[in-house]
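Participant: Given chain A, put chain B in place with the hints provided.
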Amino acid sequence: MSTFFVNRNRVDVSSDVAPDTPLLWILRDSLKLTGTKYGCGLGLCGACTVLIEGKPARSCQVPLSSIRLGTDVTTIEGLATREARAVQAAWQKLDVPQCGYCQSGQVISAASLLAGNRRPSDADIDRAMAGNICRCATYVRIRAAIKEAAATLG
Amino acid sequence: MHRNRMEVTRRAFLKVVGAAGGGLTLAIGILPAAALAAAANRVAGAGAAAAPAFAPNAFLTIARDSSVTVIVKHVEVGQGTYTGLPTLVADELDAAWSQVRVEGAPADAKLYHNLLWGPMQGTGGSTSLAEAFDQYRAAGAAARAMLVAAAAARWRVPADTIEVRNGIVSHGTKKATFGELAADAAKQPLPASPAVKDPKRFVYIGTHVPRTDSKVKSTGTAIYTQDIHLQGMLTAVVARAPRFGAQVKSIDAAALKGLPGIRFVVEVPHGVAVVGNSFWDAKKGRDALKVTWDDASGFRYSSSDILAEFRRQIAAPGTIARSEGDAAKALAGAARKLDAEFEFPYLAHAAMEPMNCVVRYDGDRAEVWNGEQFQTADQAAIAKVLGIAPEKVAIHQLFGGGSFGRRANPHSDYVVEAATIVKGLAVQGQRGVPVKLVWTREDDMHAGYYRPASLHSMHAGLDAAGSLVAWQHRIVTQSILAGSPFAAMVANGVDPTSVEGAADIGYAIPNLAVDLHSPEIAVPVQWWRSVGHTHTAFAVETFIDEAAQAAGKDPVEFRKALLAHQPRQLAALTLAADKAGWAKPLAPGATGTKRGRGVAVHKSFNTAVAEIAEVTVAADGSFKVDRVVCAVECGLAVNPDIVRAQMEGGIGYGLAAALFGEITIKDGAPVQSNFNDYRVLRINEMPAVEVHIVPSAAKPTGVGEPGVPPIAPAVANAIAMAGGRRLRRLPLTLAA
Chain A
678 MSTFFVNRNR
688 VDVSSDVAPD
698 TPLLWILRDS
708 LKLTGTKYGC
718 GLGLCGACTV
728 LIEGKPARSC
738 QVPLSSIRLG
748 TDVTTIEGLA
758 TREARAVQAA
768 WQKLDVPQCG
778 YCQSGQVISA
788 ASLLAGNRRP
798 SDADIDRAMA
808 GNICRCATYV
818 RIRAAIKEAA
828 ATLG
Chain B
-4 MHRNRMEVTR
6 RAFLKVVGAA
16 GGGLTLAIGI
26 LPAAALAAAA
36 NRVAGAGAAA
46 APAFAPNAFL
56 TIARDSSVTV
66 IVKHVEVGQG
76 TYTGLPTLVA
86 DELDAAWSQV
96 RVEGAPADAK
106 LYHNLLWGPM
116 QGTGGSTSLA
126 EAFDQYRAAG
136 AAARAMLVAA
146 AAARWRVPAD
156 TIEVRNGIVS
166 HGTKKATFGE
176 LAADAAKQPL
186 PASPAVKDPK
196 RFVYIGTHVP
206 RTDSKVKSTG
216 TAIYTQDIHL
226 QGMLTAVVAR
236 APRFGAQVKS
246 IDAAALKGLP
256 GIRFVVEVPH
266 GVAVVGNSFW
276 DAKKGRDALK
286 VTWDDASGFR
296 YSSSDILAEF
306 RRQIAAPGTI
316 ARSEGDAAKA
326 LAGAARKLDA
336 EFEFPYLAHA
346 AMEPMNCVVR
356 YDGDRAEVWN
366 GEQFQTADQA
376 AIAKVLGIAP
386 EKVAIHQLFG
396 GGSFGRRANP
406 HSDYVVEAAT
416 IVKGLAVQGQ
426 RGVPVKLVWT
436 REDDMHAGYY
446 RPASLHSMHA
456 GLDAAGSLVA
466 WQHRIVTQSI
476 LAGSPFAAMV
486 ANGVDPTSVE
496 GAADIGYAIP
506 NLAVDLHSPE
516 IAVPVQWWRS
526 VGHTHTAFAV
536 ETFIDEAAQA
546 AGKDPVEFRK
556 ALLAHQPRQL
566 AALTLAADKA
576 GWAKPLAPGA
586 TGTKRGRGVA
596 VHKSFNTAVA
606 EIAEVTVAAD
616 GSFKVDRVVC
626 AVECGLAVNP
636 DIVRAQMEGG
646 IGYGLAAALF
656 GEITIKDGAP
666 VQSNFNDYRV
676 LRINEMPAVE
686 VHIVPSAAKP
696 TGVGEPGVPP
706 IAPAVANAIA
716 MAGGRRLRRL
726 PLTLAA
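Chains as they are written, first to last, in our numbering: chain A, 678 to 831; chain B, -4 to 731.
Please keep in mind that the hints were generated in silico from the structure rather than gathered at the bench. Among the hints, erroneous ones may be present.
[Stated by the list, open to error] Straight line, CA to CA, 27 Å or less: simulated DSS-like cross-link-like pairs of lysine-lysine:
| hint | chain 1 | residue 1 | chain 2 | residue 2 |
| --- | --- | --- | --- | --- |
| 1 | B | Lys574 | B | Lys555 |
| 2 | A | Lys824 | B | Lys418 |
| 3 | A | Lys709 | B | Lys548 |
| 4 | B | Lys379 | B | Lys324 |
| 5 | B | Lys555 | B | Lys694 |
| 6 | B | Lys182 | B | Lys170 |
| 7 | B | Lys661 | B | Lys694 |
| 8 | B | Lys694 | B | Lys195 |
| 9 | B | Lys170 | B | Lys324 |
| 10 | A | Lys709 | B | Lys210 |
| 11 | B | Lys548 | B | Lys192 |
| 12 | A | Lys824 | B | Lys619 |
| 13 | B | Lys252 | B | Lys278 |
| 14 | B | Lys579 | B | Lys589 |
| 15 | B | Lys210 | A | Lys770 |
| 16 | B | Lys169 | B | Lys105 |
| 17 | A | Lys732 | B | Lys210 |
| 18 | B | Lys574 | A | Lys770 |
| 19 | B | Lys619 | B | Lys548 |
| 20 | B | Lys244 | B | Lys589 |
| 21 | B | Lys105 | B | Lys244 |
| 22 | B | Lys210 | A | Lys824 |
| 23 | B | Lys192 | B | Lys169 |
It should be emphasised that the depicted structure is a prediction, and the values quoted were computed from it without experimental measurement.
With the rest of the complex left out, here is chain B:
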């Protein structure tokens, strides 16, 4: 049965000619902005009675229909924050989980700043749950106390005789819903310091609570930036400089004449935007546009030049990041010495949703639709471009189709680009026209802001008894923070994101030296899921494995002895080894193959993760990761299933980098452009993964990133155990 007829033409994109009855499954027409924003911000839709009747604080509202809307200050990019933070509120509130709705918070540093980041609102560093744990619990507890006070007044009974369970407030036979009490609760005084629960009374925290976003994400109804359609919206695609640092010299738009659907051409910081009626129009226009670039001062290095520069620098001592004892002297006197050098490439984030942003600017105020990770930094950056006050930039938070750090650009690159385009349109008299900036996959991969490449030089010394007595670790890598708005975080010449995981190494080594060179290279770099730990964990965990082997000791036992004062790493390592059956020999593989099992343990963002990888190496040197056993110590696991999901995903994301990830630079330009030459992990390459959580009642620490660092070294160590070489360059290649 054909229920509906639609016409696709250039001018009117969609006309509904005739609709035959109800039950339409198509989203028809163009939604007004407000409806779209509401749909996007609200995961589970709210009904007519859902207008807030009680807003005790900035983190939740309760409506007459008893729905509890939790306002989440972090962007949901898959890590589960739209479930985790609402869980805290629902638990303290004793709400039924089915009452809970979720809304992304607007940009407001005063209300929603990240408590670990000072005055800035933003998501990153695996902080979402860790930083907001007390705050969202207190918010729920405050609302509960006010509902109870309202019921106590209504029923004329003492507040401490009132129960709240599963969304119902009761006293004996008297019962009321949150909605029935909401208006009265709103009149109650705010409790100064609301008492949070004794953990023994938790109903959701620590148990399985289903994700709030699984339904919309399984049915194609979740709204991402890419999905925003506003009345009169245009789409922009940008012609980008061929190499980093090049500038626009001249623009020849003649080729655009005769191309349908092209509306405007606007110069942006690193290129030229072609603005059209639709993506396809704009993309064809962009491809046809001729731009002459001034790259006289442009970057001309290739990867080999960058590596040569790194090698030149690594020969000399760098800025000291950590120094204990006398590493040089201890090394000189060691019975056995080990030396190694490690190379790591640039890595693109390659989130499934390429960068994009929707902005509308009416000359006085701007509205932004974005999977927004650096809310107040991006708000300020957009305001600066437009010459308006930051509070005149309203941000509608949307789901992010992955980020892995990319949507938190230290220079607000893609949002500045979008703001520049609407400013350009305003100059051309087109105020109020919304524009969606869309990066193609190739644009996304070529835009830079990679995980920085690095070179590590390491030396270790063992005494006659096989004890590790000396450790020297020198790192050469571009600073992420220097030259960015976060440059003040560089302390004593050391960018902490360059040495994290190395300078704070957990192993007790009496003589230890970690130093750093931060060469200036024009390839833009930024945080990439687990940041410095992406390379330091590999260097440390494969080198410690070599040390164990040189000492003739079991790699797990060798590590454990050095981690006696690191309870988190020790607990994770012990649990992983136990669950992986480390004490028993690994089952052999098919004839002609060799199998190996490797371990790595690493603490990042205060969470310790141990991973044990089982690898089969074929005669031709190809290898497959068969199974990974992971144990995580992250304090209290608020939602154990999401903790497991983040470990599984972190392992897969890290494995993609271990097996394939590499952006190479040629003549100042990135070589790779799409998933054909920048390979990522596919399902047939995903090992079986088992995740175990160390039981803990400690305050939760993050899980979005810490699953990533141990996988590459665990795999490299497994290959070595299978009789392969010690691999010291990523991506890992064993074939000769």
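So that you can see chain A by itself, here it is in the shape it has in the complex:
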């Protein structure tokens, strides 16, 4: 059995669950936490981004067998930091999302950026967000909303 935490809830995964099952599908199919999206399955698009021990990770690339006992996983549903709230407010104020499918991952990456850098430059934003694809190309607004969120965080 494997035990870890998702959004502070304890998850016990029984040993008959295949060890190669990616965290993404445990979240989506088992826990019904569907805010974390499947986009590519290869860690190329960032739609499945979650926080593992507070750091952004592509959950499609995290097999169950690699999740250490007691690991803390945070998904979009459990994201509640000041940075995350500021990002989500800015996302709404600037109407960033179009189709919206990638935006959980974008929000998590943006909140992580702001947690470590309260005044990100365009270059900082591009570096931190380049792993998150948006096919609607909402990138202009993502940049603006990250700056808006940074401003509200003071």
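Facilitator: Chain B alone, transformed into the frame defined by chain A:
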């Protein structure tokens, strides 16, 4: 604090063992179908008092709690229709924006057909707002008139002395909410032709109204097809033929024995579905399944063979799509001649949400959960597979995680696949078991239905004064419409989607000839955001730029002179040039780099867009698009911020194709499979974008697609202006 404990096992996916108090943030358990459908259809949730008390027409309902639910007949795939159409209703109704809820319409051709498409309900061609503008305004106006009539009767005052403002109906000191009047309003006669507002009285139309879906899409709570979980639902993943046209010869499911969670194997039109308890189970089963394919009659071409076939065809005249004057003669007599050939690859749509569909079939009726773009066509296709009447197929509309045309498949490919699987299950005695078909990214990219590849041959003639006197444009590309249920739209041998943007070229050229070859190639093709304009705009706008250069004229002025009778293009071009500071020289770049500025203007779906791109070219030939100034003439901008968003997004989507987009075919099969080899635009490649809207009171035209066509030619023209080559093949590559 750990508030909850969950168990993940094979059998019981989720058990809540103990919950310590309230405030749970997790969605626990499996929602019943009805609750999920309601949650999915309703963007902003409605309370207990939200049962409709007044349903004046098919487009809105008003509940006792005064919430106004607008039923949107188009799919929301990001274009903003879940905001745009409700804005029309709310304005005519004089509702408060906070009252407005949104629900996706069911499939019903009678009530919800696209007014520009005849009897069919569907979304595409940038028509959502354009086609429904009058209809949704009238729907709101009718409801308002009935609320007013109810208030007039209640207060015994003339209707024309009653005011409605921000969701409150009033007469002097008497006030009532919509909810208070709803039951009485329902008894009022339907107005035959409700008067819509004088545009001077618009309160929302033309202003910034926040999107109805931003909150759910910023918090991970928006429900897409991929997110549907129903009681007892299984997941299907399909083993697909390795090359187009191959058929299943035999299936060896022996390798599936011992694999956990595998439930059924079902043959579908282009492959074999493995149905399992979860995605991961089904995917592992699919990967293990051995299928022998009969590809004796299969497609074996590679991209080079396709291009060779195109070249063979382009040498001879094609079917005439447009002819003015005598282009051949004028060309022969021209003082200066230009020739060019353009190559365009196949393009995958690559929406973020790969294709998927949930179907439940109980042997008599079917329910479908889908980000459904071709509602009544898909409904009919599913009904045909299942052998039931179309009205027995109920479609629950969901958000689409992008589409760019893909979810409107002319052959209903992925929904037919899903329907075939549940039919197979029914045959195996499993009626009523819901199945979610999930395509992997690789499945999505390999399934075809690409933007067709094409080859263009162009000739232009200038007279001694530098005026454009002759223009010949020959296109070779597969027909999207031929062989599809929309084949009747092919007129006189010309598929209009192959020549749009070329045959209806806006430039006044006295001698003009556009002709077309439509080779039959087994690679399935379909509309891709802006369809034929994706290639015709590039050919026309880069070639006209070459003509301007050859004539020694400014590219903006040269175009303007030829667009004197095209007010939309002219207005967009003039505004973009003004805002971009076209008259002033472009600031130089860093030492060793060259900068260039290029322009393109193109009308598609009745909307004109001009884009001016600024590009920096490095010494090694790599280049970066720094900034794009865009101007759009789309008639009345109902929601200017959404218009801007669609231009920004269109530029990014078009730029991905300009810089990277290419599906190559090898031995009958697509080569690219995921975002590693089919690159798309990332944030570090996105230029700064400025969007300006030409003020207009004309009836609105679409904005979902028209931002796409001008970007690639604007960038190519900018590269040429920076001293680079004239690039005539996409994706654009300058490095030697």
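Participant: Decide, hint by hint, whether the structure agrees.
Facilitator: Structure-based check of all given hints:
A hinted pair counts as satisfied when its Cα atoms are at most 27 Å apart, and Lys574(B) with Lys555(B) qualifies at roughly 16 Å. Distance hint between Lys824(A) and Lys418(B) is unfulfilled; the C-alpha atoms sit about 51 Å from each other, more than 27 Å. A threshold of 27 Å between alpha carbons decides the hint, and for Lys709(A) with Lys548(B) the separation of about 62 Å lies outside it, so the pair is violated. For the proposed pair Lys379(B) and Lys324(B), the alpha carbon gap of about 53 Å is over 27 Å, so the pair is violated.
The straight-line distance between the Cα atoms of Lys555(B) and Lys694(B) is roughly 24 Å, inside the 27 Å bound, and the hint therefore holds. Pair hint Lys182(B) plus Lys170(B) holds up; C-alpha atoms about 20 Å apart against a cutoff of 27 Å. Our distance criterion of 27 Å between C-alpha atoms is broken by Lys661(B) and Lys694(B), whose separation comes to about 47 Å. Restraint check for Lys694(B) and Lys195(B): satisfied, since their Cα atoms lie roughly 14 Å apart, inside the 27 Å limit.
Straight-line distance between C-alpha atoms of Lys170(B) and Lys324(B) comes to about 75 Å, which puts the hinted pair past the 27 Å bound. Between Lys709(A) and Lys210(B) the alpha-carbon distance is near 20 Å, which keeps this suggested pair within the 27 Å criterion. Annotation: proposed proximity of Lys548(B) to Lys192(B) is violated, straight-line Cα distance about 47 Å (limit 27 Å). Of the pairs offered as hints, the one joining Lys824(A) and Lys619(B) holds, with about 23 Å between alpha carbons and a cut-off of 27 Å not exceeded.
Annotation: proposed proximity of Lys252(B) to Lys278(B) holds, straight-line Cα distance about 14 Å (limit 27 Å). Taking the CA atoms of Lys579(B) and Lys589(B), the gap is about 17 Å. The hint holds against a cut of 27 Å. A threshold of 27 Å between alpha carbons decides the hint, and for Lys210(B) with Lys770(A) the separation of about 9 Å falls inside it, so the pair holds. Proposed proximity of Lys169(B) and Lys105(B) is contradicted: the alpha carbons are some 40 Å apart, above 27 Å.
Taken as a hint, the Lys732(A) and Lys210(B) pair is honoured in the structure, with Cα atoms around 24 Å apart against an allowance of 27 Å. Restraint check for Lys574(B) and Lys770(A): satisfied, since their Cα atoms lie roughly 26 Å apart, inside the 27 Å limit. Only pairs whose Cα atoms come within 27 Å are accepted, and Lys619(B) paired with Lys548(B) is accepted, the gap being roughly 26 Å. In summary, the hint linking Lys244(B) to Lys589(B) is not supported, as the alpha carbons are separated by about 58 Å, beyond the 27 Å threshold.
Taking the CA atoms of Lys105(B) and Lys244(B), the gap is about 42 Å. The hint is violated against a cut of 27 Å. The hinted pair formed by Lys210(B) and Lys824(A) meets the criterion: a straight-line CA distance of about 19 Å does not exceed 27 Å. For a cut-off of 27 Å, the pair hint linking Lys192(B) to Lys169(B) stands: about 23 Å separates their Cα positions.
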